[in-house]
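Participant: Place chain B on chain A using the hints.
2 protein chains.
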Amino acid sequence: MALIQPRTLKGFRDYLPEAMMPREWIIDVARRVYRSYGFRPIDTPALEYLEILTGKGSDETDKQLYRFEDHGGRAVGLRFDLTVPLARFVAQHQQQLGLPFKRYHIATVWRGENTQTGRYREFMQCDFDTIGVTDLTADVEMALVVNDLFLALGVEDFTIRVNHRGVLGGMLEKLGLADRSAAVLRAVDKLAKIGRQGVAEELSRAAGATPAQADDVLALASIAGDNEQTLAALKPLVAGNATGECGVEELADLVAAVAAAGVPATRVKLDPSIARGLDYYTGVVVETQLNELPTIGSVASGGRYDNLAGLYTNQKLPGVGASLGLDRLLAALEQLGRLPAAKTPAPVLLCMFDGPRRNDYLKLAARLRAAGVGVELYPEPKKLGKQLQYADRQGFRAALVLGDAEFAAGQCQVKDLQSGASATVPYNGGDAGAIAAEVRRLLEQ
Amino acid sequence: MALIQPRTLKGFRDYLPEAMMPREWIIDVARRVYRSYGFRPIDTPALEYLEILTGKGSDETDKQLYRFEDHGGRAVGLRFDLTVPLARFVAQHQQQLGLPFKRYHIATVWRGENTQTGRYREFMQCDFDTIGVTDLTADVEMALVVNDLFLALGVEDFTIRVNHRGVLGGMLEKLGLADRSAAVLRAVDKLAKIGRQGVAEELSRAAGATPAQADDVLALASIAGDNEQTLAALKPLVAGNATGECGVEELADLVAAVAAAGVPATRVKLDPSIARGLDYYTGVVVETQLNELPTIGSVASGGRYDNLAGLYTNQKLPGVGASLGLDRLLAALEQLGRLPAAKTPAPVLLCMFDGPRRNDYLKLAARLRAAGVGVELYPEPKKLGKQLQYADRQGFRAALVLGDAEFAAGQCQVKDLQSGASATVPYNGGDAGAIAAEVRRLLEQ
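The listed protein sequences derive, respectively, from chains A and B. Per numbering that gives the first Met the number 0, the first sequence starts with residue 0, numbered consecutively. Per numbering that gives the first Met the number 0, the second sequence starts with residue 0, numbered consecutively.
Here chain A stands alone, though its shape is the one from the complex (with noise of 0.2 Å):
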């Protein structure tokens, strides 16, 4: 028979354990400090009806939508992002759930997306959300939680950017330019891009902009300076506006909200020039920068909106929330070097000499693993050599040596297969704890 050839789908990719492990060491930080909040897990099937995919979906998510029909003849599809089942379940449970809710998921998502732009067509997304309150409690705590999350996985140089839907649709308002907001946004969106010149023109051309108005709107993103000089240079610019005023009256509390919970006043830095989700956020909004690796972009982003649910159910549902940007953070990670060191789930391996000891060793394994430390034993009697060359190419911590002359004189080495070095420790069969206190100071060095 002809063999298949083994092989992933375009845009699909298999996680190795090496890739795997700091995969879920960020997820289990994620969820740790979702749940410090009161974030509840939730999860929602991987395949929905299509209308509930396509009702708000864009032309591109639309044409990205994994769809077929299933065994009945119902049109379904793959779900695209969380939002939208997010928005469905809420609407659906609402009743069991009461208000306010607060989720947190973590899930795979698919998009049927170009792969010549180095994207998969499956990843994972990580969000969070406070679904049914208007209090910018909620909003502070967005923040606040992106926050802890970076400080738990270790990272302490980056700058949470927040702006506020408001500020720039007051001033838009004040313009007279309301009805061209997205288009308005779209163009200030590209700024760092095409620089002002460049979304002056834009202004003009997508927009409609007078010179002056698009003045006006370069002038907003432009700001810069500390929290206190763009809240001060904001003023002006919505003074007289219901809408952009009440914008940078909830930046101001925002600051100071998080400065009192104890985040440093750099780490928040207000910048009017944020302009995500055009047509979603209507509040404040927040991206999150590793200031060692800026060009990477966003790797945590998020916001307010006024109505997650109005496809399904006529109650109007606000809400504040944000995703973590999980692989774009790994491959941060990886390259400021600030994943963690240990390459395998156990740090230790029990070599295995000697076939008819197997019960020794699986119960001197057994011993370790009682006292907490993890422990593979290597699962089958080979040359002491090939074994060091397994435990070196997985990245194991350290290796316990015991073959008939160990056995003999009731003494296991321990090897530190960093530094290469070997100490040697009792074990007569029994209590295993002087072997535990010695691997437990070598993963401590």
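Please keep in mind that the hints were generated in silico from the structure rather than gathered at the bench. Don't take each hint at face value.
To be verified - Here are some of the chain A residues that sit facing chain B, going by a computed Cβ distance under 8 Å:
1. His-92
2. Thr-129
3. Asp-134
4. Gly-261
As the list claims (entries may be wrong) - Here are the in silico distance ranges between beta carbons for each label pair:
5. A/Asp-58 with B/Lys-9: 23 to 33 Å
6. A/Ala-151 with B/Leu-442: 19 to 29 Å
7. B/Asp-61 with A/Asp-403: 52 to 62 Å
8. A/Gly-239 with B/Ala-1: 38 to 48 Å
9. A/Ile-193 with B/Ala-1: 35 to 45 Å
Idealized CB from N, CA, C, for every residue including glycine.
Facilitator: Frame of chain A, contents of chain B only:
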């Protein structure tokens, strides 16, 4: 615009937080135990080339496969188990992985099953396998992992039933029925359901067994007693046949090995009636039964196989592994009242009285989290009664109450939401240690 009805597809379900929390807990425990033995995490795409998925599948899985054409016109399908992806994965990455290769894989699979049977079309599998090892050590570890897993889940009264495909195989060789082993296994598998007479009839009808042959097969499948008695009864039935003798010897070695590793003798039970995995398993097979709920069937099953990836590579890859029945186990633990008591990810609700004091609440919450206590801050000022109602409904363990009076007095009320009792603890806006200590006291009760 007409609303879209928010609903899930037939056979699919949402996980609300109360269902998701125990699910995450079991998965966490499984991962911790798998890792303590050195099993490494991997992940593979949900979508695979159809030819990969249909290569090995039976007619039944083929029929249940979710299949469609992707954007590039490729025939693709959603994985229906984690074994076929593992085989493809190992064949594809063999060079990089090396052998032995120990992996765990916790991921969703899809089968368009008939939902009349109460089964879902999307469910999670939690597999672990050791590839590239023929030594019995790996088989023993499979049983030890299952043992540790249930103990870590707080279950002590379970039985790991063990059989060996070589035992029945050897006897069938002796009887001259080796070419009809699949039909024999199918018949024996029904022993509990249709009884001895039923099995005897099926053995005659479907496997062409003589009454004497059927008697021998039934004698084997009906062996009972402790492990020593079972081994003694098996030996004569396979005597003179190498396959059968080797199977019995491996069972004897396995029983001795798990005992050496500290597992009580009654927990691992030889059971010659187990005949799972008709054409897949080739050596040791295990099933796990919760003794308090024997009727729900096996909650962790697995075994040894000779050739994992024969469809994709000419290299013979033997292995051994098992799978945790997550959904079945969840249902069982719920029925037994063994799920963790915690209903909220953060144990404490901090009530918010007073808008202008928002920053004081944010500060207190931050300090408690820094002290290791998870805190959900009620995200808007509301009547205390409403907030306590929320706390009750969600199942928080404690609520913190600080109104103007408490702030003025430098105090915080810590309400025990189980007993209704309340303790007054000092808090002056600084160190939150006294509150953290009181909460910890409640959590340890």
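Participant: Does each hint fit the structure? Answer for all of them.
Facilitator: Checked hints:
A distance limit of 8 Å between C-beta atoms decides the matter here; for A/His-92 the minimum to chain B is near 6 Å, and the interface restraint holds. Against a cut-off of 8 Å between C-beta atoms, the interface hint on A/Thr-129 holds, since the closest Cβ of chain B lies about 6 Å away. Interface restraint check for A/Asp-134: the shortest CB-CB distance to chain B comes to about 4 Å, inside 8 Å, so the restraint holds. A least Cβ separation of about 5 Å between A/Gly-261 and chain B falls short of the 8 Å threshold, and the interface hint therefore holds.
For A/Asp-58 paired with B/Lys-9, a C-beta distance near 29 Å keeps the hint of 23 to 33 Å intact. Take A/Ala-151 and B/Leu-442: their Cβ atoms lie about 21 Å apart, and the range 19 to 29 Å holds. Here the CB-CB span from B/Asp-61 to A/Asp-403 is close to 53 Å, well matched to the stated 52 to 62 Å. Range check, A/Gly-239 to B/Ala-1: about 40 Å between beta-carbon atoms, so the 38 to 48 Å window is met.
Between A/Ile-193 and B/Ala-1, the C-beta spacing of about 41 Å keeps the proposed range 35 to 45 Å intact.
When each numbered hint is compared with the structure, no violation occurs for any of them.
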